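**Student:** Between the sequences and the hints, there should be enough to build the whole structure, so can you do that?
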Amino acid sequence: ETGVTQTPRHLVMGMTNKKSLKCEQHLGHNAMYWYKQSAKKPLELMFVYSLEERVENNSVPSRFSPECPNSSHLFLHLHTLQPEDSALYLCASSPSDRAENQPQHFGDGTRLSIL
Amino acid sequence: KNQVEQSPQSLIILEGKNCTLQCNYTVSPFSNLRWYKQDTGRGPVSLTIMTFSENTKSNGRYTATLDADTKQSSLHITASQLSDSASYICVVGGSGDYKLSFGAGTTVTVRA
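Sequence order for the protein chains is A and B. Heads up: the first sequence begins at 1 in my numbering, then just goes up one per residue. Heads up: the second sequence begins at 1 in my numbering, then just goes up one per residue.
Worth flagging that the hints you see were computed from the coordinates, not collected in a lab. Note that the structure is predicted; figures quoted are calculated from it, not measured. Note that beta-carbon positions come from the ideal geometry of N, C-alpha and C, so glycine has one too. Any given hint might turn out to be false.
[Stated by the list, open to error] Just so you have them, the derived chain A footprint on chain B, three or more residues with Cβ under 8 angstroms:
1) 26 to 35
2) 42 to 53
3) 99 to 112
**Tutor:** Structure (C-alpha cells):
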C-alpha cells in the first residue's frame, strides 16, 4: 500500500469515447503528478499540481485534460484519444513540488488501451 | 538535454546470486539520484535516494553507489530472491524543482 490509489486499474476505450482516470492520495502531500509510461521507454511527465494549482503542462495534447479539485484528488479526463496513447498512466504525489530529496510516491497505474 | 542511460537493458540471474545494475547520467545541475523498483503491474517504489555528498546507501539487500564526478551510479542486489524480479529504474533530480529525468529501466529476472 503506497498511499496513492488509482482507478480504474484497466481501461479499454474507443477513439471517440470520453473517460476519466482518478487518483487519490492519503499521505497529506501537496503536490500531485501524472506520468505516462510506454513499454521500454522512460516515464514521461505530463502534468504537475501544487496546492491544487497546475504548475506544469509538459506539452501534452489537449485531448488530455487534468483536474485537481483538492490536494488529495487528481483526475485525468480523456477524449478523442489516439492508438499511440495506449500506455500505463501513473499518478504520484510528494510533500511539495520543491521536495528535492524526498521520493515521489506512485500509484499502481491505469493500463489504458485505445481501440 | 538531460539523459539517464541504464545498462544492461535486461538480465537473468539465478536465485541466491548477486548482480549489479549501472546508470550513467548527464543531468546538470545535479541534486539527487534515486533508484526505484517496479514490479510487474505495479507502480514504482523508492529504494534509495542519494544526494551529491553521499556515495553509498543501502536498503536491505540493495546497495546503491554514486560517483558524482563521473556521473555514474550502480545498484547492487545481494543474494537475490525470486521477489527481486522487477524493473529497476534510475532517476536523477536536478536542483530547485520537481523535474526528474528517468532511465528506461533494467529488467531483472531471478530464476530458481
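**Student:** Going through the numbered hints above, which ones does this structure break? Give me the numbers in ascending order.
**Tutor:** none
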